[in-house]
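Sequences listed follow chains E and C, in order. Last residue of the first sequence? That's 711 in this note's numbering, and every number before it is there in order. Last residue of the second sequence? That's 711 in this note's numbering, and every number before it is there in order.
Hint data in this document are derived by calculation from the structure and do not stem from the laboratory. Fair warning: there could be bad hints in the mix.
If chains are identical, the list can't say which one is meant, so a pair holds when it fits in one copy or spans any two.
Keeping only pairs whose Cα atoms sit at most 27 Å apart, straight-line, the calculated DSS-like set for lysine-lysine is [to be verified]:
#	residue 1	residue 2
1	K493	K652
2	K710	K512
3	K511	K656
4	K631	K250
5	K250	K229
6	K271	K234
7	K632	K334
8	K429	K230
9	K536	K356
10	K138	K324
11	K662	K652
12	K327	K357
13	K230	K447
14	K632	K662
15	K447	K231
16	K231	K465
17	K447	K229
18	K234	K250
19	K447	K234
2 protein chains.
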Amino acid sequence: MKVSDYIIEFFKHKKIKHITLNNGGAISFLADEISRSKKFKILSPIHEQSSAFINDSISRISKIPSVSLVTSGPGATNLITGITTSWLDSVPSIFITGQVNSFEMKKKNEKVRQVGFQETNIIDICKTITKSAFHISKPEDILTLLPKAYDECFLARYGPVIIDIPLNFQRAEIKTYKSSIFNKPRKSDIKKKIYKTSNNKLSKLNNLILKSKRPVLLIGHGVRLSQSVKLAKKLSKSLKFPVLTTWGGKDCFNNYDKNYFGSVGVYGNRFSNLILHNCDLLICLGTRLDTRVTGGNYLDFSKKGKIISVDIDNHELRKIRRPKSYLNFNIDIKLFINSFLKILKNKNKFLKWKKFCNQIRNLLQENDQKSKLVRPEIFFQQLNLFNKKINYYFADTGAHLCWAAQNLKISDKQRFISSFGHSTMGYALPAAIGANFYNPSSCSVSINGDCSFQHNIQELALSQKMNANIKFIIINNNGYGIIRQFQDNYLNSRYFGTCEYIGEINLKKICEGFSVDYHSIKKDNEIDKTLTKIFSSKKTSVTEVFINQNHKIFPKIEYGNSLDNMSPCLDQKSSQIIKYFISTLSKF
Amino acid sequence: MKVSDYIIEFFKHKKIKHITLNNGGAISFLADEISRSKKFKILSPIHEQSSAFINDSISRISKIPSVSLVTSGPGATNLITGITTSWLDSVPSIFITGQVNSFEMKKKNEKVRQVGFQETNIIDICKTITKSAFHISKPEDILTLLPKAYDECFLARYGPVIIDIPLNFQRAEIKTYKSSIFNKPRKSDIKKKIYKTSNNKLSKLNNLILKSKRPVLLIGHGVRLSQSVKLAKKLSKSLKFPVLTTWGGKDCFNNYDKNYFGSVGVYGNRFSNLILHNCDLLICLGTRLDTRVTGGNYLDFSKKGKIISVDIDNHELRKIRRPKSYLNFNIDIKLFINSFLKILKNKNKFLKWKKFCNQIRNLLQENDQKSKLVRPEIFFQQLNLFNKKINYYFADTGAHLCWAAQNLKISDKQRFISSFGHSTMGYALPAAIGANFYNPSSCSVSINGDCSFQHNIQELALSQKMNANIKFIIINNNGYGIIRQFQDNYLNSRYFGTCEYIGEINLKKICEGFSVDYHSIKKDNEIDKTLTKIFSSKKTSVTEVFINQNHKIFPKIEYGNSLDNMSPCLDQKSSQIIKYFISTLSKF
Numbered sequence: 124m125k126v127s128d129y130i131i132e133f134f135k136h137k138k139i140k141h142i143t144l145n146n147g148g149a150i151s152f153l154a155d156e157i158s159r160s161k162k163f164k165i166l167s168p169i170h171e172q173s174s175a176f177i178n179d180s181i182s183r184i185s186k187i188p189s190v191s192l193v194t195s196g197p198g199a200t201n202l203i204t205g206i207t208t209s210w211l212d213s214v215p216s217i218f219i220t221g222q223v224n225s226f227e228m229k230k231k232n233e234k235v236r237q238v239g240f241q242e243t244n245i246i247d248i249c250k251t252i253t254k255s256a257f258h259i260s261k262p263e264d265i266l267t268l269l270p271k272a273y274d275e276c277f278l279a280r281y282g283p284v285i286i287d288i289p290l291n292f293q294r295a296e297i298k299t300y301k302s303s304i305f306n307k308p309r310k311s312d313i314k315k316k317i318y319k320t321s322n323n324k325l326s327k328l329n330n331l332i333l334k335s336k337r338p339v340l341l342i343g344h345g346v347r348l349s350q351s352v353k354l355a356k357k358l359s360k361s362l363k364f365p366v367l368t369t370w371g372g373k374d375c376f377n378n379y380d381k382n383y384f385g386s387v388g389v390y391g392n393r394f395s396n397l398i399l400h401n402c403d404l405l406i407c408l409g410t411r412l413d414t415r416v417t418g419g420n421y422l423d424f425s426k427k428g429k430i431i432s433v434d435i436d437n438h439e440l441r442k443i444r445r446p447k448s449y450l451n452f453n454i455d456i457k458l459f460i461n462s463f464l465k466i467l468k469n470k471n472k473f474l475k476w477k478k479f480c481n482q483i484r485n486l487l488q489e490n491d492q493k494s495k496l497v498r499p500e501i502f503f504q505q506l507n508l509f510n511k512k513i514n515y516y517f518a519d520t521g522a523h524l525c526w527a528a529q530n531l532k533i534s535d536k537q538r539f540i541s542s543f544g545h546s547t548m549g550y551a552l553p554a555a556i557g558a559n560f561y562n563p564s565s566c567s568v569s570i571n572g573d574c575s576f577q578h579n580i581q582e583l584a585l586s587q588k589m590n591a592n593i594k595f596i597i598i599n600n601n602g603y604g605i606i607r608q609f610q611d612n613y614l615n616s617r618y619f620g621t622c623e624y625i626g627e628i629n630l631k632k633i634c635e636g637f638s639v640d641y642h643s644i645k646k647d648n649e650i651d652k653t654l655t656k657i658f659s660s661k662k663t664s665v666t667e668v669f670i671n672q673n674h675k676i677f678p679k680i681e682y683g684n685s686l687d688n689m690s691p692c693l694d695q696k697s698s699q700i701i702k703y704f705i706s707t708l709s710k711f
Numbered sequence: 124m125k126v127s128d129y130i131i132e133f134f135k136h137k138k139i140k141h142i143t144l145n146n147g148g149a150i151s152f153l154a155d156e157i158s159r160s161k162k163f164k165i166l167s168p169i170h171e172q173s174s175a176f177i178n179d180s181i182s183r184i185s186k187i188p189s190v191s192l193v194t195s196g197p198g199a200t201n202l203i204t205g206i207t208t209s210w211l212d213s214v215p216s217i218f219i220t221g222q223v224n225s226f227e228m229k230k231k232n233e234k235v236r237q238v239g240f241q242e243t244n245i246i247d248i249c250k251t252i253t254k255s256a257f258h259i260s261k262p263e264d265i266l267t268l269l270p271k272a273y274d275e276c277f278l279a280r281y282g283p284v285i286i287d288i289p290l291n292f293q294r295a296e297i298k299t300y301k302s303s304i305f306n307k308p309r310k311s312d313i314k315k316k317i318y319k320t321s322n323n324k325l326s327k328l329n330n331l332i333l334k335s336k337r338p339v340l341l342i343g344h345g346v347r348l349s350q351s352v353k354l355a356k357k358l359s360k361s362l363k364f365p366v367l368t369t370w371g372g373k374d375c376f377n378n379y380d381k382n383y384f385g386s387v388g389v390y391g392n393r394f395s396n397l398i399l400h401n402c403d404l405l406i407c408l409g410t411r412l413d414t415r416v417t418g419g420n421y422l423d424f425s426k427k428g429k430i431i432s433v434d435i436d437n438h439e440l441r442k443i444r445r446p447k448s449y450l451n452f453n454i455d456i457k458l459f460i461n462s463f464l465k466i467l468k469n470k471n472k473f474l475k476w477k478k479f480c481n482q483i484r485n486l487l488q489e490n491d492q493k494s495k496l497v498r499p500e501i502f503f504q505q506l507n508l509f510n511k512k513i514n515y516y517f518a519d520t521g522a523h524l525c526w527a528a529q530n531l532k533i534s535d536k537q538r539f540i541s542s543f544g545h546s547t548m549g550y551a552l553p554a555a556i557g558a559n560f561y562n563p564s565s566c567s568v569s570i571n572g573d574c575s576f577q578h579n580i581q582e583l584a585l586s587q588k589m590n591a592n593i594k595f596i597i598i599n600n601n602g603y604g605i606i607r608q609f610q611d612n613y614l615n616s617r618y619f620g621t622c623e624y625i626g627e628i629n630l631k632k633i634c635e636g637f638s639v640d641y642h643s644i645k646k647d648n649e650i651d652k653t654l655t656k657i658f659s660s661k662k663t664s665v666t667e668v669f670i671n672q673n674h675k676i677f678p679k680i681e682y683g684n685s686l687d688n689m690s691p692c693l694d695q696k697s698s699q700i701i702k703y704f705i706s707t708l709s710k711f
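Please construct the entire structure, taking both the sequences and the accompanying hints into account.
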């Protein structure tokens, strides 16, 4: 049996199906064996960066990780941004890099920069951005290190792993093994048992709920990672709290649920932030309470409400720069909910509190920026009307992400995915390709900025080749609007380095070059017609939405303000009504 | 005085002029101050990967390093492939990453993955691929670490450095300094003095020369790095040896010199490899004798000739996997040549040996692949005729690089640049932009494959915006020809992962999208006309050269063969003539 046979068997056993491959000298033997086995679906993007994003995307959507195979040197280093994306969002993706033949590699204490052609020590580079980074230094290593790496992906907090295999080992013979060894309990399962929690602590939480008048359930990305989306729904039904989400948690709770009140944070909805700011109890499931959620002034976050945090990563619970918790549960969310539901006693329906939530939501559905071109808020609100046709939303990074998160409504059956922690431009194009590769009958909407879309535009060729049902939306504000807004606020509107030249790109022609359909929308009243058109086809298309380049990302928490103080200020009348509503809260 | 003021002053003092900037939150203060100072030329590519390549390119061309400014997170990780490119080719480039505010950063022993938005510990990632990687942990650090990093670029063997500066420190006040501190002798100067060599050893070399009948001077990239191109020419005039180069050294010696006999290696010229294989003395200047130069069978390299190596990096001289030297000089090449010229006594003109070299060159100018489409060898030979119009050649990675290196002739006044060690696809497009940014009146030819050109195709927008006189040449062999050739030789022609779909890209339309002129060449007899046309204009243009997708990269050393055994085999007649010529060598 060869190393490659073992890898193929292992992947089969773990039900891994989707592989991206960027071929090249140092991966060529493994690539050849894997392709000959006919056991896998293999996709070859042009740039390894795209492969890493596709892998990340599949590993988010599927319960099974995806694998990227790349060659050594630039093949490997081109993965780094994608690996970091997976690392910061706890995505269990697997990366395999080919390495030069073992006898051509730099020896352990040899201090030259390189020996073999395209040799790079990718393991050292990746140590701080992976759960584990292994180099196979003899063929038999694969028998222990591949299962170990796989387990590491799912051990406690999820994350990516990388394995580096010299070319000559890829076809090397190894001793046989019994496939039963694959079946031993995963360390992750063992580990989960350790994270038990006491009924005592759970009862304490139940008492807090019984006393609470204005509770909130805040759902983060960890709910998805612990595969607890349905459980969280069940919990919410028992709790009857208003539910808020982070951006990462936006697709972990049905946005059409009557108890859902939007997503919070620096670019959250104003009503959502106000609700959170006025709660007296905040149960946080799987959110690290990042400063994009709390605002820079994190000590004022949930100032009036006791914070309860559930997180599998104890380091997050102990993080210095986060609001203080009243109670912490360092446990997998699935275990937490299952245990808690057993003891939960709650008859309160919090009707007054939810009435308040509804009142301010109705009051604060704001949309007052004027424009001769398209208003992005309106665009995304109208996109919601096509939601039955859409399975996955992918948002890139920039202003368009903020407008999308503020205005899209994600149903039970949909996903809303972005590179949340690393916030990577150029992610949403390949990531949408990943969704189609995983689920070819699906429809994805990939939301991009005019600049960020260019980062991996070459992969339009791949989308077209796959005949992928992906609707690429380009919100064109002629450069980096989110940076210009920062320059407006803090640098006296000195615009610089915001990709001013991008306007000279004719996206229509480029789409023709990739044989991809192109549409444009220049006014609010063209939105519906064009969306109807693009969703009536199953082809890849690009739709360029022209907005005013000065259109602001509003509302927004300016640095140092708390969640109840978003910019721009409300008009005096609304402001007074809100004040009055808040004053009633103390009387509940 | 602010940290940014100091940086500006320091750059001015070091005559640094060319900066690439990818703006974003964490670099915004420094970016703003640098742009307001009006002291620099600033270019903003779309992708940070391109910025790193542009920086690398300028730092190769100029004696002064270039600087890249990027934001934290993906801005920083997108640099890695470019930094590794600089590292492996010893390019002194400077990278400055913005970091989140110091108070928002992960504390030293804090084990969360991220605290601040887009926070990534880029320093840990870059430690093994830079001369030094510094984080500024208090504003005053800049006073010591910036000069130290700059010095490190040039200390002994050159290489890139990275400095990470939190946003809040970028405008922080620091104590003033005297600008005279910039003038203290650079460590690199001090260090150079250490590398002295004894006259004894030099005399020994002189004796070897006096005894030699068939000497060769092999010039590598180190000759350029030590700024010794003119000195090497002087040395060659005194030595009167035939001169060969590596690919990295190809632009360090006039290819039109009567003593120049091509470049050696796995994809070298057949006559060059034969000359090297039959020498009795090989003086190697600034080449690490990589296996792409020696072939995999490195112990047979220069089997008949004593190897003399001059290298500033002692680790290279002690490298395990390299041919054994007879004499090593661990010294800067400039110092070596200057010292050696003082004692060199040589009256031999090696006329018989050079006659041999000329004879086999004339015999082995081969070009026998047939094709209805363009033959790339012919294309590059005809491109040589336009050489007066061209300042810089940039070659990407793949088959086109091999054909270019085998057939282009580089004059004294030209440069031939590629990512030699890391062998990075997507390099030649941004790198050519770098040359134009540095020298706007120059003309560059950027040679690419149909796939590799797509890696950073978005930057065509930048070339057009700059109105850069760059002639992009795309050798279209419908995918990765060099991998297919490997699959032919070693994998029974099982083609896989060689970008088969790339043919569906209509480059003409894409060029229209970027407002760039497009030309195509489909037959040998169209070459001259089209080249005449593109060189009569100073505009950016793309020329797609269609070749047979099975056109081989010949001649080539198959793995394990020595330099005298290139594939394909010579015909019987040529083979016998060569044998006869070689048999005469012993009679010199």
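> Checking against the hints above, which ones are violated?
Replying inline: 2, 4, 7, 10, 16
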